[in-house]
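Same order as they appear, the protein sequences are chains A and B.
Taking the numbering used here as reference, the numbering of the first sequence is continuous, increasing by one, and the terminal residue is 99.
Taking the numbering used here as reference, the numbering of the second sequence is continuous, increasing by one, and the terminal residue is 152.
By construction, these hints were calculated from the structure, which means they are not laboratory data.
Just so you know, not all the hints are guaranteed correct.
Ranges between beta-carbon positions, derived for each pair [what the hints assert, rightly or not]: (1) Pro66(A) with Ser109(B): 24 to 30 Å; (2) Asn37(A) with Gln41(B): 25 to 31 Å; (3) Asn80(B) with Asp41(A): 26 to 32 Å; (4) Ser123(B) with Asp48(A): 39 to 45 Å; (5) Ile40(A) with Asn80(B): 40 to 46 Å; (6) His(-5)(A) with Gly101(B): 30 to 36 Å; (7) Leu59(B) with Asn56(A): 43 to 49 Å; (8) Asp41(A) with Ser119(B): 39 to 45 Å; (9) Ala144(B) with Arg95(A): 37 to 43 Å; (10) Pro55(A) with Ser109(B): 44 to 50 Å; (11) Arg49(A) with Leu57(B): 33 to 39 Å; (12) Thr90(B) with Gly27(A): 20 to 26 Å.
Okay, the calculated bits of chain B under chain A, using three or more residues with CB under 8 Å as the criterion [claimed, not checked]: (13) 51 to 60; (14) 103 to 112.
Please read these numbers as outputs of a predicted model, since none were measured by experiment.
Beta carbons: idealized from backbone N, C-alpha and C, even for Gly.
Residue strings, one per chain:
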Amino acid sequence: DAGVIQSPRHEVTEMGQEVTLRCKPISGHDYLFWYRQTMMRGLELLIYFNNNVPIDDSGMPEDRFSAKMPNASFSTLKIQPSEPRDSAVYFCASGDRRANYGYTFGSGTRLTVV
Amino acid sequence: AQSVTQLGSHVSVSEGALVLLRCNYSSSVPPYLFWYVQYPNQGLQLLLKYTSAATLVKGINGFEAEFKKSETSFHLTKPSAHMSDAAEYFCAVSERSNYQLIWGAGTKLIIKP
């Protein structure tokens, strides 16, 4: 099992550009979570999906952020337009509720908006 | 609403000394409890979890945690610290009816040589 795979690992972009972060969850996991981590705010839940359906997106900071999960093996988090305050590490995590809980995290995407 | 409190944003111990990281939760019903570790520039890794079996839970890398319902605590311990234990540790809780984790603020463990 390759674990949760995120791409890219690092992204540097200019303010105003569109950014797309990608995540491949562990096969068979029915939950997928997107988190953002910064020094100031710590770990924040942005949105999560159950069986590809968005359940709670109350953590999405603004309309500039959107997330999709078109199938069980792929999800994207898009920021359009990006701003310097979006600079953070974005983590994707997946989980199987039937398997005694706990999530598996990807290695994260470090986003820098200049 | 559920909340998780980790006492101390930074904890410093000498190599070979006992590690104790504190976590308290607020819940009237025993929840599921987790400890995760984050090494620099990496994602979070599950250390151990309590899901209603034995109250003393053993995890990876020699860590263990004890669920104490009367104290609403789930403190993480390790008898002898190694330099490789330097990382940030997060306590998290979920209600049995809800798969969403509520996170503590994290504790950075510093190991002194």
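Status of each hint after checking the structure:
1. Pro66(A) with Ser109(B): 24 to 30 Å: Taking Cβ atoms as reference, Pro66(A) and Ser109(B) lie about 52 Å apart, which means the hint is violated.
2. Asn37(A) with Gln41(B): 25 to 31 Å: holds, 26 Å
3. Asn80(B) with Asp41(A): 26 to 32 Å: holds, 28 Å
4. Ser123(B) with Asp48(A): 39 to 45 Å: holds, 43 Å
5. Ile40(A) with Asn80(B): 40 to 46 Å: With Cβ atoms ~30 Å apart, the hint is violated.
6. His(-5)(A) with Gly101(B): 30 to 36 Å: holds, 33 Å
7. Leu59(B) with Asn56(A): 43 to 49 Å: holds, 44 Å
8. Asp41(A) with Ser119(B): 39 to 45 Å: holds, 41 Å
9. Ala144(B) with Arg95(A): 37 to 43 Å: violated, 21 Å
10. Pro55(A) with Ser109(B): 44 to 50 Å: Holds: the Cβ-Cβ distance is about 47 Å, inside 44 to 50 Å.
11. Arg49(A) with Leu57(B): 33 to 39 Å: 47 Å Cβ-Cβ, so the 33 to 39 Å window is violated.
12. Thr90(B) with Gly27(A): 20 to 26 Å: holds, 25 Å
13. 51 to 60: violated (count 0)
14. 103 to 112: violated (count 0)
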